[in-house]
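Chains as they are written, first to last, in our numbering: chain H, 15 to 700; chain R, 15 to 700.
These are computed hints drawn from the structure, not numbers from a lab.
Note that this is a predicted model, so its numbers are computed, not measured.
Any given hint could turn out to be false.
You can't tell identical chains apart in this list, so a pair holds if it fits in one copy or across any two.
List time: in silico PhoX-like cross-link candidates among lysine-lysine, alpha-carbon distance up to 20 Å [as the list claims (entries may be wrong)]: (1) K587 <-> K540; (2) K587 <-> K551; (3) K558 <-> K587; (4) K644 <-> K542; (5) K222 <-> K576; (6) K339 <-> K224; (7) K138 <-> K99.
2 protein chains.
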Amino acid sequence: MNMSIEKILNPESIAVIGASRNPNKVGSAILKNIRLTFRGKIFVVNPFAEEIQGIKSYKSITNIKDRIDVAVISIPAEKVLKALKDCERKKVSAAIIISAGFKEIGKAGEKRESELKAFLKNSKIKVIGPNCLGVINLDPLVNMTFVDPNTKIFKGTTAFISQSGALLSAIVDDASANDIGFSKIISVGNAVDIDEADLIDYLREDEKTKSIVLYLEGITNGEKFMRSLKEATKKKPVIILKGGRSNKTSSAVMSHTGSLAGDYKAYELAFEDAGAITVSNVDDLFNFMRDASKFEIKTDEVIVVTNAGGGGVITSDHINEQGLKMAQIGDKTVSDLSKILPPESNLHNPIDMLGDASPDRYKDTLNVITELNKPTIVIFSPQEMSMPLETAKVIYDIQSKKQNLPLLSVFLGGTNVEKARRFLIERGLPTYEYPNEAVDIISGLYFYYSHRYPSYDRYKKEKAKVTAFQGKKNTFGMNAKVVFDRVGIKTTAGVVINKESELNKATEKIGYPCVLKISSNDVAHKNKIGGVITNIKDYSELEKAFKNLSQIIKDARLNGAKLELYEDAINGKRNPVEILLGGHRDPVFGPMIAIGIGGVHANEIDEVEFVLPQISDQKINELSGSKVGKLIISAGGNQVFDEIVGYAIKLGKFMVANKNIKDIDLNPVIIAGNTAIAADFKIFVE
Amino acid sequence: MNMSIEKILNPESIAVIGASRNPNKVGSAILKNIRLTFRGKIFVVNPFAEEIQGIKSYKSITNIKDRIDVAVISIPAEKVLKALKDCERKKVSAAIIISAGFKEIGKAGEKRESELKAFLKNSKIKVIGPNCLGVINLDPLVNMTFVDPNTKIFKGTTAFISQSGALLSAIVDDASANDIGFSKIISVGNAVDIDEADLIDYLREDEKTKSIVLYLEGITNGEKFMRSLKEATKKKPVIILKGGRSNKTSSAVMSHTGSLAGDYKAYELAFEDAGAITVSNVDDLFNFMRDASKFEIKTDEVIVVTNAGGGGVITSDHINEQGLKMAQIGDKTVSDLSKILPPESNLHNPIDMLGDASPDRYKDTLNVITELNKPTIVIFSPQEMSMPLETAKVIYDIQSKKQNLPLLSVFLGGTNVEKARRFLIERGLPTYEYPNEAVDIISGLYFYYSHRYPSYDRYKKEKAKVTAFQGKKNTFGMNAKVVFDRVGIKTTAGVVINKESELNKATEKIGYPCVLKISSNDVAHKNKIGGVITNIKDYSELEKAFKNLSQIIKDARLNGAKLELYEDAINGKRNPVEILLGGHRDPVFGPMIAIGIGGVHANEIDEVEFVLPQISDQKINELSGSKVGKLIISAGGNQVFDEIVGYAIKLGKFMVANKNIKDIDLNPVIIAGNTAIAADFKIFVE
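Generate coordinates for the entire structure from the input sequences, incorporating the hints supplied.
Here's what the structure looks like:
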């Protein structure tokens, strides 16, 4: 366990450096929040005051005799470092730096932040912040933030980490209005010392935390973050809202793969690979905050029980649209239901108990259905004679008898069902206003429980030699081909042609049909200058091609350009299937591998799947169901699909081993019979 | 104006047939609702009672002396027809049949419903229902439904039509809890007489209705519905939630096009073409119900003004994800803002006024920004010193000064901002809990205002001759080719080969390379049996191909099969781009035309756009930006794209003229240089 974080969250004594007498100042709200919540010793540091909020004020923390566990610092940015040094002298173990005025304000702040980092490097003191809202622990209670002291915050089992202080206070306020409780609330600010990964590691082991929710805008150390995230999801659900998803790609990207990958793609991949649940709206967060730890979803087959046909219809729509399935109801269950329900009922999923369904009918039906132990959404729509509160009580009774039952209720309507909803919410039962909310929870948790312990059998099976790449410049053509030969990816046979007289001998090795290409480090897209002649069928065609391309080199003054002769893997095939394989190094998360529809129109078709170098068996399975997966299997069968997965793994290992490589394009990789052969090769380092 | 609907919504006298003394019965709730709301004359018909709820009860409606405008019928299904006949005799102009027990309960009910329809055909009486919840008019007030009489319903400007009674009552209850009012609320039930289209026509002209919201599960008469919808959207926004969107396709579909079209696709297309806004969640409906008529959105460039960086970030994400744009802030505006805002502010979109933004800072900033008259989302996040209610008042003042300002506010948080939210909601201002809600409204209304008056210039330009198709069976190969030649779609040259001796002469017409195919009405997918030999380069190859295919015909006993010789439009091209053009007749909405990525892998790639026969210029523009559009333009330029659009229009006219045709597949349509040539032809009638 990270003892510094433990100390910050469970201090016995706190000093507020920069406590303020002015009730409109941050330093006043912090002290007030601590006073209202904390049972340990509180000290105040403010050289200009005698006492604040009835507590004696010290000129400096060093003047305090007692031991101080945590200093909460809220003074002008330029004074923070000095205060930290005082803390160190006083042997304070940790500090929360609330003060803003660091990297977030530009140049001057960046300098200040570097100095802070430099100091912390050689200091024992551990820091949260700066530029943060502070930290709240709900058990034992201590609120070291400047959130409005009137905000009610409930104890719960969700830890919330936020990179935005403003969103944090809004979300906490909103959550409390919706009966959602927390175990810990942490605003990380600029995270100069303790970062998101450290906190995730701590919360993973925290027994009072059953799920972890994060609002992130960016990550500095992708590798460290991923490691922590992967470990955490083995123990409890982690839910992430990522701000800044816009898919801007730098226009300078030369590779196909790089231009197909967006900025957010790497985050998405990393979160998915680590088994974290991602949401895209603030409101999506709330239901997960409340219910993510309440039950496990181990199947994607969902049952819907309703008293309103329309409610069943729209719920089925959401289930299908989320990639879940409507469960088949077995004969035995249908027969059991037929004894309970009126003859006009629908005994198949969605099970319609009809508009006059009484609480007893709900009870009998749910008793049968919950035996199946599948995620079940029970819908109540207020109708003539229906009794919402009594129905809610029936649902509560059923939930109470069985622990962790994946039974989610939706009470449609407003005033008429308000009491029923409150009854269930106050008892901690998963109940929702709209069917899509229940479906989203099931879908998110099904993803979590089916990706929690990924297997890597296929990945491990792939015996890739690690190949070094020493190139310092972008490398195309034959120079790149030989690299991929070493990596273990099948490539078209090829030779460099230095002069016309070498052509004849070259064709002995290559055969017909063949392809003649210009190879120049100045030309990333040869086709655009007419630098590729394919399907050359005999020597006379080859001679003509040679003259043609030589002329292009001359006209375009391509210094150092060469001609290269390759076998033509398409070999006259009418409908060749061309795949794109590529690699792209994300600045935060490192390499990602692309498998897409290739060929000269790859960018227009824009159909590409990305995987991480260490690809899980689950991901391979998902890939096989994607458009590109289906296309590969349709053209080359499972054998070629497996071969291409192998190529992807090899490419991944190659990029992991060679950090100088930025992007790789193998396009096209041609499916020729029962194998796949890369026919064009590019390595980008700059 | 439809006078029957006018009469139903504005009756002077109502008779309740089947009013009940039992307070738990539907007939009791209806009478109670009418009594609580209606100021005209109320009569009660129940042969078993003397009086109900203090009103004298008649044995039959015919016993009543006064004129009756509307009869509300809630008696057992088997007695409904008799009651209707009484109504006719009494010269009642309209009836609302609440009673269930018709088509929705199966066979017995279907018969009852047919009898009802037969009677209505020759009757002057107009009917809403059966199997419905009833009708509410808010001005003048009359509630002729059995919704819980305790449900508060507010007067507003939205008309709500629902095919599900249960959802209607839930949504009305929920809407009222959220201060959303209605002009009319209509449950259509089985719609044996007055249907959704009639109601839309009426509501289009209704001055008290500013927007129309529909919950639909299915439509019987697609053509009539579309006509009404198109007219209505010219006058006011129409918002549709369609239940039953699951993409089940009948497994019997033989054509590519048919299998690529799902059941929901036709609805989606029809709604989009008619300019209706579609939503997929019940909760999405509410914001549109409340705000769809409050402002017009005429640009997709959105401005975000915020006091919290995080709030700006997530709002920008939603804007980009909805296909909208972040507006560029011009130099003049930036300069104006720089005079108002502190130096650390972000003067570019999203405009960040910083966490300590006072109401005055909001006011000054919004005064500058609203001058630009672009949709603007103003975000408030509760922070130290921020004043939510005062900020809300500033927003209100600004809205009051300018009518229909597209200014949407989001107050993040819960208890802290509740009063501010209430302040704005009570004054009818568009304010939301989460940024995505504001973005969805802008996106929906931008769609509406940019599709409201579609232009059909390209469609009109296409002079397609209407070609008759008399075929009574599925028609493939040459028999189909000659049809498309007449339609005006370029096809590959071809001849039927009856015997080997005809080959030589045929090649004089066709030339090399050529393609030899089996043509048989028993074989829809020739490739699967090896029935196509392409790229035949000389006579000896042709002879071999002939023998080969003749043998297949013999082996597979394909009676009546013929061989057909075609030019090979691919002509050795290495990366031919193959498009799929097709037609599919939806049982409700009629023909839809498919333009997709074609070739033998069309189903795996599954990239297809559907258009209606009468394609708008807007849709053509959207098509050009789709993946298939980009592919066509990349391969053949705008000229070929325009040619293919022309083919689509011709195909559409052809299908409209020939109602016996179910599906058409032209796959592949090969892009050869600056033209597109269909190379395979199938017409399905069965």
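To see whether the hints hold, each was checked on the structure:
1. K587 <-> K540: Only across copies: K587 and K540 sit 18 Å apart there, 22 Å inside one copy, limit 20 Å.
2. K587 <-> K551: Close inside one copy (13 Å) and across copies (14 Å); limit 20 Å.
3. K558 <-> K587: between (23 Å within a copy, 18 Å between copies)
4. K644 <-> K542: Intra 30 Å, inter 17 Å, cutoff 20 Å: inter-copy only.
5. K222 <-> K576: neither (66 Å within a copy, 77 Å between copies)
6. K339 <-> K224: Intra 27 Å, inter 39 Å, cutoff 20 Å: neither.
7. K138 <-> K99: within (11 Å within a copy, 93 Å between copies)
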